[in-house]
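If you read the sequences in order, they're chains L and W. According to the UniProt record's numbering, the first sequence is numbered sequentially starting from 1. According to the UniProt record's numbering, the second sequence is numbered sequentially starting from 1.
Just so you know, the hints here were simulated from the structure itself, not pulled from any lab data. Only true hints are included.
From the derived model, a few chain W residues whose C-beta atoms are all more than 10 Å from chain L:
1. Ile-137
2. Asn-174
3. Val-175
4. Met-209
5. Arg-353
With a straight-line Cα cutoff of 25 Å, these simulated DMTMM-like cross-link-like pairs (lysine to aspartate or glutamate) come out:
6. Lys-45/L <-> Asp-58/L
7. Lys-346/L <-> Glu-50/W
8. Lys-247/W <-> Glu-268/W
9. Lys-28/L <-> Glu-319/W
10. Lys-28/W <-> Glu-305/L
11. Lys-233/L <-> Glu-305/L
12. Lys-347/W <-> Asp-298/L
13. Lys-165/L <-> Glu-132/L
14. Lys-34/W <-> Glu-50/L
15. Lys-367/L <-> Glu-188/L
16. Lys-28/W <-> Glu-219/L
17. Lys-346/W <-> Asp-298/L
18. Lys-28/W <-> Glu-337/L
19. Lys-234/L <-> Glu-305/L
20. Lys-34/W <-> Glu-331/L
21. Lys-233/W <-> Glu-337/L
22. Lys-93/W <-> Glu-328/L
23. Lys-9/W <-> Asp-41/L
24. Lys-28/W <-> Glu-328/L
25. Lys-347/L <-> Glu-50/W
26. Lys-28/W <-> Glu-319/L
27. Lys-28/L <-> Glu-337/W
28. Lys-363/L <-> Glu-337/W
29. Lys-28/W <-> Asp-41/L
30. Lys-99/L <-> Glu-176/L
31. Lys-247/L <-> Glu-331/W
32. Lys-9/L <-> Glu-50/L
33. Lys-346/L <-> Asp-41/L
From the three backbone atoms N, C-alpha and C, an ideal C-beta is built for every residue, glycine too.
In case you want the letters, here they are:
Number of protein chains: 2
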Amino acid sequence: MSYFSSDFKLGILGGGQLGKMLLYETRKFDIQTKVLEASEDAPSKIACNEFVLGNLLDFDAVYNFGKSVDVLTIEIENVNTKALEKLEDEGVKVYPPTKALRIIQNKATQKLFYTDNNIPTAAFSRFAYTSEIKDSIENGGLRFPFVWKAAQFGYDGQGVKVVRKAEDLKDLPNVECIAEEMVSFKNELSVIVARSASGEVVTYPVVEMEFHPEANQVEYVICPARINEDVAKKAQEIALKVSNKIKQVGLLAVEMFQTQDDQILVNEVAPRPHNSGHQTIEASYTNQFEQHIRAILDLPLGSTENKVAGIMVNLVGAEGHTGNVVYENMEQILKLEGVTPHIYGKKQTRPFRKMGHVTIVNKDLSKAREIAQQVKETIKVISK
Amino acid sequence: MSYFSSDFKLGILGGGQLGKMLLYETRKFDIQTKVLEASEDAPSKIACNEFVLGNLLDFDAVYNFGKSVDVLTIEIENVNTKALEKLEDEGVKVYPPTKALRIIQNKATQKLFYTDNNIPTAAFSRFAYTSEIKDSIENGGLRFPFVWKAAQFGYDGQGVKVVRKAEDLKDLPNVECIAEEMVSFKNELSVIVARSASGEVVTYPVVEMEFHPEANQVEYVICPARINEDVAKKAQEIALKVSNKIKQVGLLAVEMFQTQDDQILVNEVAPRPHNSGHQTIEASYTNQFEQHIRAILDLPLGSTENKVAGIMVNLVGAEGHTGNVVYENMEQILKLEGVTPHIYGKKQTRPFRKMGHVTIVNKDLSKAREIAQQVKETIKVISK
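Produce the entire structure from the sequences given, and follow the hints as far as they go.
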């Protein structure tokens, strides 16, 4: 069934901010949409045609929801893949495909996938339980420092820890995990690849990420990355390879390290619109959300080029502030050139909570970088 | 009350497509919105926080709705101004101000406003009834040809007629009207001016419009207009003057003629986001909808410059087709560079009905114009 049919329905698992931004783009194409989400207060509720309450990890909730749509996509990875598999078997188009999603959902499986496919990634060991790490250290199989990562359900700043000494292991949950070599890198890069149902593939320009040193959250996304062309080309080729090998349909955001000697190592991937692509709304010919829709509906993919340079600043809750949110100095940042705020509408702030982002576009990247700094120093996400 | 307060509510009179596009932009700022509209099927319903059913011309409906919001704006001019006036008296911020809206609502009043304020416009005569025109012709006060315009409630292609002979007057409604000199023009131009509550003013680049010869609807909007700089400057100055003199708050779209001898004559204005500004979504640093919100919330206005050249193609129903709409060759146009469709979601098409628009952006305006032509020749809005 083509989406041009009035009976066509696109289902989205997850009703968060990414889903909301995706839903805006469905309107351009007049696509009927349906969202499954556990929370009544979900951001997506205002932007979809139909909203269904349900747990994304519950087989029945996902299966029954999936049966009522033609194409099913996600805005969050933690969903019931058994239900997705059955839906796929029964003819529902599930994008990302369940197989790709399963590889990505588990960080150990994801890392094994890279090594199996000759995709460069940092060396690692897999452990069924965190408690096994101690033995491995004792018998010389593993050395400090390393990065501990929970295999499943790890998100922004949680489920990841730098382990420098035995004591650091103490408070970690005793779950399936990996211990990854610490990479000395110049840059953290990301490339978003779009791959359509019929296999058309395009890559966005490489972006460069700057992380907040404490919160492990992206502070700036800079597009294009200020790296040499050879490195950029290599990063795009590797990202493309991951998307093709994993047979993704839709977007795949590939996060990578550029090492001191200009090697590219894949860090992790997300099979959906991604934080490292928000600047595409203002900077690109085709924004990442529209591109995802084009890909999963098997429409021709759009140009990934930049109209202008773009920088994204995350708006996170200031330290020492918990409660009803106030965006201090919003007027000041709106006076700056090429500044667009995106406030996500969360009522409560807390330290480092992601409350929105601001995009800065300019024909001159270094000018955009200056303005981005001003934005970051000016606007404050506080409580009143 | 600042919009940053969580109790703040923005009200919009009218729930059509313009309102929907305006509502998308309110999300960036996390503004709580409320829409008044007579139709349950209104496009805006999917994008607002609260939807109220009611007639925009009914005093009580508009007054009661207005009492529940802090700032009230419109997406259509035909609303009850008596209610707006009372709301203004009682402290609701009504933008456009009722006074400006009243001048604009009536084409005779609008024309008199131009002459009173030395704003160049085509010569005209006002008549209380169409039937009076005949006398004026007989006693030599008026000569054929001229343009007849109903003073009130005239929309795209309705309420306007070129009168070349006495017979052409026969089927016209006997209402308040104007008879306007036919202007021989090179170009139809438009300039969108944004004026904020505290009087900050910015103008968008001049756009050039090409109309469909039969349907009197815009076919292409070309930004920037391919005219010389002096003419562009003059058009922007005149548009600015209209916005200042009429004391508009929000957007004012000023449609103008460029005569054979490069005079600029104001044709008519709209105090809201406008068809001639749709390309700003993809082409401008600040799109017209965000700019309208900035203006009515008294936030700093954004840059009106183009990132890239932009052309808008109206999607209207093909002749000979009435019924369930199909967008033929959508895939073909999506293959072209820098093409973004905006389908409005109307289920039924009929000849010349406005069903959506397509924006074409490119760094090179002449390349954009070529692609726009291809888009127009390729996509067909038909019934199945």
